[in-house]
Each structure stands twice: as C-alpha cells, then as structure tokens.
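Novice: One letter stands for each residue in the lines below.
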Amino acid sequence: MTAISASAPAAAGRVGGLDLSGPVLAASGIFLAGLVCLPIGWLVAYAFSSRAGDPTLSNFVALIDDPTLFEPLVTTFGLSFCVAIAAAVAAAPLAWIVARTDMPGRRVVRMLMTASFVTPPFLGAIAWEILAAPNSGIINKIWRDVTGAEDALFDVYSFPGLVFVISCYTAPYVFVVLSNALDRIPADLEDAAGILGAGRWRVVVGVTLPLALPALLAGTLVAFLQAMTLFGSPAILAIPAGFHTVTTKIYSLFQFPPRPQVASAAAIPLLTVTITLLWLQAKLLGRRGYAVVGGKNGEPRLVALGAWRWPVLVLALSVLCLPLFFPYAALLKAAISRVPSGPFDPANLTVENFTFVFFEFSQTRVAFSNTFVLAIATATAGTVLALIVASLAARRGGFFGRALEFLATAPIAIPGIVLGVGLFLAYTRGPVVLYGTLWILFLAFLTIEMPAAFQQMRAAFRGLHPELEEASRILGADRLATLRRITAPLLKSGVIAGWCLIFIGVVRELSAAVMLSSSATKVLSVVIFDLNESGNLGAIAVIGVAMLIVTFAVVGFANWISGVGAGQRLRTG
Amino acid sequence: MSHLVLQGLTKRYGNQTVLDRIDLSVTKGKLVCLLGPSGCGKTTTLRLVAGFMEPSEGSVSVGGRILSQPGTALPPERRGMSMIFQSYALWPHMTIFDNVAYGLTLRKLERGETENRVKKMLGAVRLEQLADRYPGELSGGQQQRVALARALVVEPEILLLDEPLSNLDAALREEMRFEVRRLHDEFRYTTVYVTHDQAEAMTAADTIVVMNHGRIEQAGSPEEIYSRPRSGFVANFLGGANILQGRAVDAQRLDIGAGIVRCAEPAFSAGAGGAMSIRFHEVGVLSRESPDALPARVTRQTFLGATRDLSLALDDGTPLRASATPDLAIPADARVWVVLPPDRCRPVTV
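Protein chains in written order, with the working numbering: chain A, 44 to 616; chain B, 390 to 739.
These are calculated hints, taken from the structure and not from any lab test. Hints are supplied without guarantee of correctness; some may be wrong.
[Claimed, not checked] Stretch-level coverage of chain B by chain A, calculated; a stretch enters the list once three of its residues show a Cβ under 8 angstroms from a Cβ in chain A:
no.	region
1	458–466
2	475–482
3	565–573
Bear in mind the structure is a predicted one, so any value in this text is a computation, not a measurement. All residues carry an ideal CB built from backbone N, CA and C; glycine is no exception.
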C-alpha cells in the first residue's frame, strides 16, 4: 500500500490490489492542463505578435489608440456595472421575499425564477426584439395605439435596452445565490437580536441583510462577469444600435479582413478582469463571516406580511413577466404568426414557420443533431472526467490533488469568446487541424462546461463521509462491492445533476460556438444567431421553443432515471 | 486466554509518531475501553485493528493469527469484525431493514434466515417498528441503535466502537452507555471501545486502557485505575485529583513547600523530586488547628447540592481543591486546616 492520509484512506482507484490512482491522476492532470493551456497559450502568443509573427506590443497600443477598439472596452465595463447594479436591485428584494416572508406561492415564484436560467440569453434578447423593437415591437405598437404618441415607449436597440435585457437573464444568478444564503441563516441569530429588543424590521436590516451581504456581493459579481463576457445579447442588440462591446468587437475582428492578433490582444483584458473578479468572489465566499451561514439551527423564521401578502405577490409576478412571461408569450406568438408583431387575428395565424423550419430549411436537421450529439457527448465525457478528478481530489488530497482541483476549476475563468479565439488559433493549423469538425466544438464545450459539473461532483464527494464506505468494508464487502452498492448509489443524484448542468450549458452556448462552427458543424444557437441577422423571427421562435422542449425532455428523463428506486433521503443525522 | 493481541504496534506519518509501541491483549468476550484525550492515538489503534491502515511496526493478531504487520494487512472485509462509527455511517439510501441486513446479504444467507435474524436484532435494540424507515427519518439515539444492530447482526468475532456516543445529547448518552453494556452482556463479543468520556468507559468497560501521546499510560479494571492511578495524567483524566509535587524527605514523605505530606506506600527516594495525587473528596477540611493538618485559606466555595466544592490555597499559594459535605458552610477567605490522609495519598509519576 502506498501513502494513505489519516482521515481518508484510499478507497477509490484500486483494482485488485493495484493502485491505479497515480497514473490516472497524471493522465487527467495532463489532459486538463492541455485543455486550458493550449488555447490560452496561442491566444497570448498571438496577442504579442505582429502580422508577420515578430514579437511586439503594437496590438495593445492599438487597443488604446484606436477609438474603435478602445470604446468597446469602456462600453463593456459601463454595461457590466449597470447590469450588476440592476440585477442586484431587482433580485435582492425578490430573494428576500421568497426566502424570508410568508408570501403565498413563494415556492412557485422561486421555481419560475430558477427556471428562467434555462432560457438562453440570446433567445431572450430576440424575444425582447419582438417585444420592444422601436417600430415593430409589440409593446411599442400598443403604446402608440393607446396614446397616439409618435415615439416608441422603449427602444431595445440602445444602451439602456441592452442593460435591461442582459439584467433580465443575469438577475437569476443573484437571486439563486442570495435566496440560498438567506435559507441558511440560522433563525437563532435573528432571534438573538429580537430578544434584545430589536423590532421585526430592525432584525431584517440589522442582522439578516448584513449576514447575507457576502452572498449578495458574490452574486452581483457573477452578474457583472456574465454581462462582461456575454456575446449573444450585445451582438443582437448593440450592433443594430451602432455600438460594440469587447465580445462583439473580437468577433468582428475575425470577419473579413481578419485581424487575429488584435482580437487576441482585445481578449486579454477580458481574461484578466474575469480572473481577478473570480478570485475576489472566492475570497468573499471563503471568509469566516459567511461560514456562519450554514448552521442547522432549525427553520428560518418567516416575516408575516399581513395585508401586504397579495400586493407583494403581484409585484413578484410582475417582475417575473420581464424574463419569463412576456418573452415566452412573444416567442409563442411569433411561432404561429405570419408577422411576429402583427395583430391577434386569424389572418395572421400560420403554420408556415413550422413547415419552413422542419421541412424546408436545410440547416435545421443538421443543427439539431449536431447540438444534441455534442450535448450528450460533452455531458457524458465531462461527467466522467469530473467524477474521476473529484474522486481523486477527495480521497487522495495532498499537493497533486489540490493541483488537479485547480486545473479542473480554472476554465471557469475563461470567457467563452476568449476560449473560442484560442481554440480557433490552436486548431486551424498543424499538427492537429480540428477546425471544421465537431471535435473543436466538443473541446470548447468540455472546457467551458466541465468546471460547473466538477464543482457539483466535488460537493457530492465531500458530502460522502468516508465512514460510509468503511462501514461497508468492515461488514465484509470488498472495494468493488462497496463501490457498486454504496458509493455509486449515493453519488447518483450528484452525477445526474452534473450531467444535466453540462447538457443545458452546451445547448445554450453561443459565444465559443459562433467562433468555431463552420457550415457543416452549425449548432442550434448559431443557426438562431444567423436567422436573426436575416430577420426571420418566426423561424427562430419555432427552433427556440423546440430546443427548449427537447432540453426539458432530456433533463426530465435524466432525473426520472435518477428517481427510479426513489424514496431515498440523502441526509444522515 | 488472549484473543486479540497488539504487539509493539506503531504508526508513523513521516517523522511524526502517532502511535508508539502499543502492547495490549484482550481476553475473549471482554470489553476493553481505549480512553484518552483527542490526538492520543486511540482511534488510530482502532483503525489499525480494523485494517483500514497498516502499521509502521508491530502486529495485530487474533486467535494467534497475524492480521496486520508492516507490508501486509488483511483487508477489513476479511477480518470478520464489525465497527460502529462516530458518524454512525448509516447508508441514507437504504431502509433500516436493508442497513441491518447488508452484512448478512454479503454472507449469502438464505432470505428467510436473513429476515429472521434482522427482525430479532431490531427487536433486541427495540426498533422493530422502524424497519421500513430511512435513516434520515430517525432521531440520533435511534440511528445509534441501528448502527449497533447492523454491527451485531453479523455475529462478529471482534466488535469495534469509535466514539459511538459522542454525537448524542447528555441524557441519551447516559441511557446508551447502559445499552451498550447490556448488549455486550447479552452477546459477549470481544469488544474494543474508543472514547474520551470517562463515565462511558467506567460504565461499559471490563478493562480501561488510558492512552496519552500515542502511548498506554495505564491499563486495568475501572476500580484499579481509579483507586490506584499510576500517573498524574491518569489520576486527573479519570475522576480528577490534586497533584502535589515536591522533594522527597524519605521513601514515604514529600516536602511540598507548604509542609510535609506522607504517603502510606513507600515509593520515593530521599532527595529526589516526587509527586502524589489525592482525590478532591479525600481531602479533609477542618475549621480548627490539628496535628498533621496544613493551614490553608478558602479562595472560593460553591454549593453543588450533594457536595460543596472548595478551592483552597496552602500557605505558600499551592492551590488545592476539596469536595466537602454540603453542610460545611465556610465563607470565602476563612482560615481552615486540611488533612491529607496517608492511605489516600498515592505516589504518581508526572
């Protein structure tokens, strides 16, 4: 037997007395390192070379000197800042209401808010085009009809429009992080303040909110990062409005005439800021104050809203209109209308969009199969990889275990478009040319989505007390029997959740896909993006809704599998 | 007849020795308690016996057969032992019945037989009605009894318990202490029980092994260890005691600074340092001067119901604790005289 730590004997990774964990550790370490280092290496190399290939700083000078390059940088940070504030302002009260008051239907509100996660941001942006384009947008049409005004009520093709639409789809991040934190604030901390004479609202303002503050900040940081690295929404809304963000600028620098060196240089600030902010977030969540939020001190005490219960519910539901009800209504309407924003009358009804998408449009079938083949392959490979790394890290520990953990989480800091550029540069030339194949998309999706699944798996492993396996061993089960009868069943729900996370992530991924897919390897997100450029909103609505239905079906199926043999309660005292 | 024998058992991590040459033999059917503060090596000893680790030196043998020695360790599943874990380690995805039946299904018992034995065992721990529940639905005490049932139902050759009661509240812990002893009297398995709680050890054990810093300080019956502690650590850890240090006048007498104290048992060598222990309730407290009594001052007194706890200071400032009868009401700062009876003063090593 090799070195075994005191708290965690090597339970996994041994077959028939042979310790395989060393080689597996090395192999997964090399693979993960390659996954990250190759594209980022090329990106950095390009950023510091001239067109002829000589080392230079001129690309960075251009970034500052050339206003068409510098302005997007300023816009991006302004945008991210506004989005972060807007998302926090919208999500924080809602999270508190859902977690800490007796509002009727708060479970449903919470579920719906979480469900709006699944909406790909680019689809949301397109839905808001249908709703609030200055001339044809449904809301603006109604506004003009009702008031007789000349001007639009709200122009989605503008900086505020972009802030609004992105906030709709980043607020759920703040909401989820914050409401989970509020759930875990032990009631006795609040009771302690109550007993000292603080009134109900004093307790909320003086105790609950400060305790939830780290979570609020962390969620707001995520919203900031999302806004900064998003490609779809700005490409759809900002370009028609005549301005660029960094991501759309990078994309356009790859259009004819391509300037990959400058594009690489433009990606560097994005990468740097992301890494810095994620580091900051880890510090925030890792601080001791946040650890208080995690006790098991009974149910949180709910604030009674009294007569305000129903008005508050109406408020919550009207907030939900923005990311969820209005956009989906618009999409469904567009799917069955000749003119997406036309009036609600039978003359405007049609099945043309369906026939076009499913029988005439040649890319549909290819894109559907590409998307779901990639999603299933990535989810499966990513889950296996995450599982191996998580088990090695959990049961082995030490320097190599930690290094492996770091490598598996590192890609989270790489924005999709940056990874897209890096992979494009790495695999359009020898020795391995992957551009034009599904493999390059597979690598991109694996890199982007695996970390989230890994974190899921790591949490599952940490929740699995080593004594659960040891109890099986001492009662007479060998390693394999223990793996089969104890470890695997206990990890199952974590594994399925990780798989679903990757699957959903792949289906909605656009920013790397748009850089890396070619005509034969189009995926649904890219097809929707292309159709938006040609203005075919009805077809987008059909594809978008079909895409969501298939996604929900697959996720539902995966959860159904995990639910077979249900009745388990995954908590020990 | 020794059943479980540990011989020179040593465990090192790098250059840190957590277990240092442990020798211990356990007679068949007896319950041995490994007692000590956290980090004393008691859990390491248990895990070495279970086969979750391999010793750096020494051996573990059962019935004359060596199970563990450096380089080879029979895997835990082939030792015919059972273990009860601090976290109970009940499998949350199995019912109580399935948890208890697990070990029997591995032994490929007939279904009817398995069912009978599980039912009987659940009866023994008084949980028949909960067979179809899941562990998450049970209280801590009930989970603890499931863990006991699961370990006992396979009729192990040796039963190991790792701080089994430390997650329970005080009242339940007291009840379960007797439960453990009752089940041991019923089934008579050779048992090694690890705990840091002296009351648990006193209730459950045939033999107590007090450990400290990876070594055995003293082993013996509860009475033996309590009434004749060999070291200051043992006296303090088990029951608590005053430890008085000083310089030996002769084989029996110790000059502790505030006066001369006599031990009935000759153990000191004149001129050398020495120490003795005396239990709190064995210190006699008088309100007037008496030959052989040392003058002292009361620094604090606390009424505890059955006793009165006195903190005293001898004339040179040496602190001394005494537990007197509750009706002895002496105000703080009062002058008293303490009697240290020679037959209660026991020479100890420090």
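Novice: Count the residues of the region 565–573 of chain B whose Cβ falls closer than 8 angstroms to any Cβ of chain A, and tell me whether that reaches three.
Specialist: violated (count 0)
Novice: Mind checking, does the region 475–482 of chain B have 3 or more residues with a CB under 8 angstroms from chain A?
Specialist: holds (count 8)
Novice: Verify this for me: three or more residues of the region 458–466 of chain B with a beta carbon less than 8 angstroms from a beta carbon of chain A.
Specialist: holds (count 4)
Consistency with the previously given hints fails for number 3 only.
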